[in-house]
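Assembly of the complex is requested from the two constituent chains, each provided in isolation within its own frame, with the hints serving as guidance.
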Amino acid sequence: MITRRQLIKTGMAGSVVLLAAGFLAAPQPDLPTASQDHHVFLQAGDEQIIRSLAPVMLGMAGLPLPDIVRGVDVAIRNLLPAVQQELRQLFDLLGNRWGRRWLAGVHGPWVQATPDDLAAFLRRWQQSPLLLLRSGYQALHALINAAWFGNPASWAALGYQQPQQVMGLLP
Amino acid sequence: MSLPDPVAEGVASGWRVLDGAAQTQDLQLTCDVLIIGTGAGGGMTAEVLAQAGLDVLMVEEGALRTSRDFRLLEAKAYPELYQESASRKTADKAINILQGRTVGGSTTVNWTSAFRTPPDTLNWWGERYGLKGLNPPAMAPWFDMAEARLGIADWQTDPNPNNSVLERGCQALGLKHGRIRRNVRGCWNLGYCGMGCATNAKQSMLVTTIPGALQHKAGLLSRARVERLLPAADGKSLLGAEGRLLAADGHSLNGRQFSIKARHVVLAAGAIGSPAILLRSELGGGQVGKRTFLHPVVISGAVMPQRIEPYNGAPQTVYSDHFMHTQPLDGPLGYKLEVPPVHPLLMGVTLSGFGQETTSLMQQLPHLNVMLALLRDGFHPDSQGGQVRLRKDGSPELDYPLNDVLWDGVRRSWLTMAELQFAAGARQVLVLHEQASLQSSWQATREQIMQLPLKPLLARVVSAHVMGGVAMSSQPEQGVVDEYGRHWQLRNLSVIDGSVFPTSIGANPQLSIYAFALRAAHQLRDALKA
Ligand SMILES: Cc1cc2nc3c(=O)[nH]c(=O)nc-3n(C[C@H](O)[C@H](O)[C@H](O)COP(=O)(O)OP(=O)(O)OC[C@H]3O[C@@H](n4cnc5c(N)ncnc54)[C@H](O)[C@@H]3O)c2cc1C
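Quick note, the sequences are listed as chains A and B, same order. Per my numbering, the first sequence starts with residue 255, numbered consecutively. Per my numbering, the second sequence starts with residue -11, numbered consecutively.
Extracted from the complex, chain B is given alone in its bound form (with noise of 0.2 Å):
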């Protein structure tokens, strides 16, 4: 017996799919609407557009890998479906970045936690950016219609041990916590999300929305990088875009070249991605790349007394919000607490220090516990995010400077995950910062982490969360679309993604991302069809 891969079947069945990097000529394409990136927005969008009988072409930079195509393998995984081999950097380097580069985007590699977005966060863009639309009951029918379409329900199976950490250590000091919802369908628990679903459980854009779209007639073009929108001589509209396709490889250039004339363009290459194209029609704009948010995580790691395979089951099943709502929203940073799965590769690259000491701790990786702070950037006014520019080359690079605000969260957050790992039994703690060391008791520990100097690579730094930078606002002036995602000056542009949030999220961002392209996808497709 052998996994099936229904998507490979629906290619061979005859879908519209086109690669890139097979093409030996030219590509000149129509279609009704252009949907540039196949990620949580992209995805969501498709397939509304598509059932409603809209001609529909998805262009995609990554290649068209299904599930055949992922065997729980590191070392095949990030170069095939994360931007910059899971290795994209901020622009001093001191953060590491996790995004997909693949057809179905991020949702082909994340891992599965779905939150819908805190209702503190949607008051607060209604408050301070006029975006009333977006309030928490007109949201939640886009939030019950998103989980309804990704089997998006609590997960009835246990916490894997390294969950089971953070939960016992939450119950020890009596801080609040809860279990995490998943967009899983009759998933095995195996715990290799981030290599993509072997066996097509987790409900990802690639194997619903995407092959949702196909079946209705859509178009997918893989391996091709779009390189600017093709503004109309009245500079109010577009009439396409216009980039070059890739080669087998997936990063050197094909040679040939594609250019494809809509009727509406969607733009979904993701937070980073949608603000590049944008910078390099030189369609930008003040507002443009700014405001770009991370969640910037920081990370403790645990060694245990028991053996907990932090490698198998599900990761994220358990998450704490106490420090998210114990301050006002713009005070010193919240963040929320989750355990990410720890696999050999990222967690060698991850981890501080070198030689020996370094070595036995990963001898001791079925004993080790990794908890993660992600820090609530976008609110307090010292939290402005980053910005995505462009390198000569018109690749994007995002400078995001960490300033106090920030490390002061580090901090606080170093503290909590240290003293809930040993409340848990950890027999030692290392959080992660090049001068820190292996401690064996809470009092060592704490004394430690006061001392350590924050700074840029000393301290490590991470994010697979990236938001904003095509910020909805309430007035043209304000920001770069509005609460649907409608260009403010191009008649015929969407911004569809997680590029448009005017603030992190607060929580884990596809399930947000979901409900504001279901929402964006069913105006926009009364709008054509009207």
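If we strip away everything but chain A, and leave its shape as in the complex, we get (with noise of 0.2 Å):
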């Protein structure tokens, strides 16, 4: 019988991938840490995803990570059911020790990951010569991108601010 460690590193081609984040959800998950916030979609373990990858993603130091966690849960609590099904794959896969370490190319738990280890592995995936990875990719800069931009936090750093003179016009 194929172990999992064989499916993941033979199966490196095209849609297998996901096939294998299948059979790699839940059973031997990186450890949590101690989260208090509740979300809808996000697990423990994809909230420290998340944590690791924003000021990462992000190129920041200082971020609201709590914020961001939740604006990424809000975005995909708005999604179709058929793309939130792919994306618990997706964060099944990061979350389960062997995709971490043989498909994201990260060694240790992502609490732990450096910056350049997170920053390598983002470089991987987006580059990646499979579609599928860089389709990953995609979507954790989606997410992470959405969470803080569309938070008003964020916008005094940009120079922006919304037309002062119907915003207080509005109910």
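The set of hints was computed from the structure by calculation and includes no laboratory data. Be aware that a few hints might be false.
To be verified - Below 25 Å or equal to it, Euclidean Cα-Cα: the simulated SDA-like pairs (lysine to any residue) are: (1) B:K77 - A:Q339; (2) B:K380 - A:R331; (3) B:K64 - A:V420; (4) B:K77 - A:V420; (5) B:K81 - A:D327; (6) B:K278 - A:L334; (7) B:K64 - A:L319; (8) B:K81 - A:Q381; (9) B:K64 - A:Q338; (10) B:K64 - A:R378; (11) B:K64 - A:R331; (12) B:K81 - A:N332; (13) B:K81 - A:S382; (14) B:K380 - A:Q343; (15) B:K81 - A:L385; (16) B:K64 - A:A393; (17) B:K64 - A:H293; (18) B:K380 - A:V420; (19) B:K81 - A:G422; (20) B:K380 - A:L385; (21) B:K64 - A:Q339; (22) B:K81 - A:P383; (23) B:K64 - A:L333; (24) B:K380 - A:Q338; (25) B:K64 - A:R305; (26) B:K64 - A:P406; (27) B:K443 - A:P383; (28) B:K380 - A:A393; (29) B:K81 - A:M421.
Claimed, not checked - Pairwise CB distance ranges (calculated): (30) A:A374 - B:D142: 49 to 59 Å; (31) A:A374 - B:G118: 49 to 59 Å; (32) B:A10 - A:P406: 49 to 59 Å; (33) A:P425 - B:P316: 50 to 60 Å; (34) A:P425 - B:P369: 47 to 57 Å; (35) B:G174 - A:P318: 37 to 47 Å; (36) A:Q381 - B:T12: 47 to 57 Å; (37) B:G118 - A:Q381: 40 to 50 Å; (38) A:A374 - B:P316: 46 to 56 Å; (39) B:Q463 - A:H292: 32 to 42 Å.
Cβ atoms here follow ideal geometry from the backbone N, Cα and C, with glycine treated the same way.
Right, here's the structure in full:
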């Protein structure tokens, strides 16, 4: 019988990856770090992935991580069930020890990964020859950017503000 | 003082408006004409038929949101007003699609650019598809009528500095360009059209034809998703349609269903939406969903020395069609150049790259010019568009493969945009591709563009113009509907929306849909009144 590990190593092409994600779901998660927030879609392990990746994706320290995690959760909640399912597979894959190690190339648990490890992972998937990994990167990119730049707390640093002549007239 | 909300006032005054989310029982309704979808096609049709005294019922999957709900906030607008929270994607996820999902459809969130269908497109339809009735002189009165109804006119205000970049670049390089007409009345020049117009200046279906229909006793059922059309036993006509009511979150089911009996059904759920309903109803036929077009869009960003605040001021007021008419229509893809509104969330999601470099570019947002090239798909023999299909759960998905003929257009249009931006004084330019980096000269940018691998999910490709999938034809075998949108097999079904076009339009499509809808709706009115 093929072991999980072999499956991941050999199943690197095309949609086999997503299939593998289904197999890999749940049984061997990274230890979640304690989380007080309750989210609708994101589980504790997913939350840690977002917390680790957001500062590297956004190239910034001092981000309000709980807000970003919440923003990602809200964004996903508003997606189609079929798309949510794909994201579930993505997070399960990344949250699984073997998926993290062999597909993301991140050796230690997400909470311990260094910014360099995380940037290397993002770059690898962004530039991957496999469409599926590129789409995984793009999903993380879109969710984290939407969660941050949709949040008015990000606007001052951009020099952006809403048009004052009308804001006061809104209900 | 607070801003008036005439639609909310109309509802309060007793318009026949039902919210699916508020229903505690299944609904069984009847009407003369059931209109599925309330966007450009559905809105226009509803007003014409209701004014003629027909009993019209509009059904819309999205919620009824009005100007008081529009807060110039992307994080609120996208989930509430757009299909799939503005992140609908093609099957391989390579193209991000913007489409509306609210009363008024995409017209509630569109950017107000109004172009008549280019004559070469109409002539092509006549020659290639036998659609002789849609020739430019025959269409002119319908364009006139749509323009008068929606206040479409020259935009007298100066372009915002973001659009001026395109104008200056075209002047410097000697490229043909022009100003864009807009469907607005009393516009405040804010630049937030994409989040719903808070001042009701945009003459979308939400504030024009839908109120016009409701004032003539039409009904509106929102948060109601049509699942399928109901064929009559003879297989040659429809009894009506049925579907499910949605909950207050706009997505989950409220547990109740609806069924509507109608003398005539107008399918106006937009491209992707209309073919999906036909497919779910197993009324597909071989053609349904095929040849769906997008005007695939590629993007170039530029850092300007001066502050241009690209988020302020009317979006898309300058265009260039220089590269639309320099090649044969079915040759290498032509492209139209425009300048979109730029806001933080959509920009953050759309910019390529990540990390510090990208962040420092975002932090120059007030200096950022963004230019678009819309590729004219559907004319070249290798540009066959995409195909709408159903997922297991019945939701639609568009499979739109990116091929060589498209990539060729992508590279040419990047080159044009970068050259234009430098000619207009840009300090740095970045074409949106995961391997591109900011360049400080036209020369260096050109070299980089020539090297970029053209692959899905490396090049950023987006679309706000979904067209086709339920094509018009002059012969039943060649399409799904005739040139009035009448279904070739089902005698009381019409399709009146952007899905009927046999190719892309080659210009922003709203006015094409309005004019086609007026023509189809007047024909339908006469037939139903006879
Ligand atoms: C952000 C944005 C900017 C744009 N800018 C411009 C512009 O500047 N100029 C221009 O010309 N065009 C623009 N467009 C495009 C233009 O608005 C559309 O082409 C046009 O509105 C399409 O009309 P339609 O009737 O085909 O569909 P839509 O207007 O999309 O309406 C279809 C409606 O049907 C509903 N529906 C779908 N499925 C179902 C179902 N099963 N049951 C019930 N209801 C359903 C949808 O919710 C939607 O409200 C823009 C579009 C977007 C999204």
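Hints versus structure:
Proximity of K77 of chain B to Q339 of chain A is assessed by CA-CA distance (about 15 Å); at most 25 Å being required, the pair is judged to hold. For the given pair, K380 of chain B sits about 20 Å from R331 of chain A by alpha-carbon distance, which is consistent with the 25 Å threshold. Proposed proximity of K64 of chain B and V420 of chain A is supported: the alpha carbons are some 17 Å apart, at most 25 Å. For the given pair, K77 of chain B sits about 33 Å from V420 of chain A by alpha-carbon distance, which is inconsistent with the 25 Å threshold.
Proposed proximity of K81 of chain B and D327 of chain A is supported: the alpha carbons are some 20 Å apart, at most 25 Å. Using a Cα cut-off of 25 Å, the hinted pair K278 of chain B and L334 of chain A holds, with the two alpha carbons roughly 23 Å apart. For the hint linking K64 of chain B to L319 of chain A, the alpha-carbon distance of about 20 Å falls within 25 Å, and the restraint holds. With a CA separation close to 15 Å, the supplied pair K81 of chain B and Q381 of chain A stays within the 25 Å bound.
Between K64 of chain B and Q338 of chain A the CA atoms are separated by roughly 19 Å; this keeps the pair inside 25 Å, and the hint holds. As the CA atoms of K64 of chain B and R378 of chain A are separated by approximately 33 Å, the hinted pair breaks the 25 Å bound. At most 25 Å may separate the alpha-carbon atoms for a hinted pair to count; K64 of chain B and R331 of chain A meet this at roughly 13 Å. Between K81 of chain B and N332 of chain A, the direct Cα distance comes to roughly 18 Å. Compliance with the 25 Å bound is thereby established for this hinted pair.
Between K81 of chain B and S382 of chain A the CA atoms are separated by roughly 15 Å; this keeps the pair inside 25 Å, and the hint holds. Our distance criterion of 25 Å between C-alpha atoms is met by K380 of chain B and Q343 of chain A, whose separation comes to about 17 Å. Simply put, K81 of chain B and L385 of chain A have alpha-carbon atoms about 9 Å apart, close enough for the 25 Å limit, and the pair holds. Taking the CA atoms of K64 of chain B and A393 of chain A, the gap is near 20 Å; set against the 25 Å cutoff, the hint holds.
Restraint check for K64 of chain B and H293 of chain A: the C-alpha separation of about 19 Å stays at or below 25 Å, so the hint holds. At roughly 45 Å between alpha-carbon atoms, K380 of chain B and V420 of chain A are farther apart than 25 Å, so this suggested pair is violated. Distance hint between K81 of chain B and G422 of chain A is unfulfilled; the C-alpha atoms sit about 39 Å from each other, more than 25 Å. At roughly 22 Å between alpha-carbon atoms, K380 of chain B and L385 of chain A fall within 25 Å of each other, so this suggested pair holds.
A hinted pair counts as satisfied when its Cα atoms are at most 25 Å apart, and K64 of chain B with Q339 of chain A qualifies at roughly 23 Å. The straight-line distance between the Cα atoms of K81 of chain B and P383 of chain A is roughly 15 Å, inside the 25 Å bound, and the hint therefore holds. This hinted pair checks out: K64 of chain B and L333 of chain A have alpha carbons roughly 14 Å apart, not beyond 25 Å. For the proposed pair K380 of chain B and Q338 of chain A, the alpha carbon gap of about 14 Å is at most 25 Å, so the pair holds.
With a C-alpha separation of about 23 Å, the suggested pairing of K64 of chain B with R305 of chain A holds against the 25 Å cut-off. Taken as a hint, the K64 of chain B and P406 of chain A pair is honoured in the structure, with Cα atoms around 12 Å apart against an allowance of 25 Å. The suggested pairing of K443 of chain B with P383 of chain A holds, with an alpha-carbon distance near 10 Å, which does not exceed 25 Å. Taking the CA atoms of K380 of chain B and A393 of chain A, the gap is about 22 Å. The hint holds against a cut of 25 Å.
Distance hint between K81 of chain B and M421 of chain A is unfulfilled; the C-alpha atoms sit about 36 Å from each other, more than 25 Å. The beta-carbon spacing between A374 of chain A and D142 of chain B, approximately 53 Å, falls within the hinted interval of 49 to 59 Å. At about 58 Å, the beta-carbon gap between A374 of chain A and G118 of chain B stays in the expected band of 49 to 59 Å. Checked against the given bound of 49 to 59 Å, the beta carbons of A10 of chain B and P406 of chain A, roughly 31 Å apart, lie outside it.
Checked against the given bound of 50 to 60 Å, the beta carbons of P425 of chain A and P316 of chain B, roughly 53 Å apart, stay inside it. Distance hint for P425 of chain A and P369 of chain B: a CB-CB separation of about 53 Å, consistent with the stated range 47 to 57 Å. Judged by the Cβ atoms, the range 37 to 47 Å given for G174 of chain B and P318 of chain A holds: they are separated by roughly 39 Å. Checked against the hint of 47 to 57 Å, the C-beta distance between Q381 of chain A and T12 of chain B comes to roughly 53 Å, which is consistent with it.
The given range of 40 to 50 Å is respected by G118 of chain B and Q381 of chain A, whose C-beta atoms sit roughly 48 Å from each other. A hinted range of 46 to 56 Å holds for the C-beta pair A374 of chain A and P316 of chain B, which are about 47 Å apart. At about 59 Å, the CB distance of Q463 of chain B to H292 of chain A disagrees with the hint of 32 to 42 Å.
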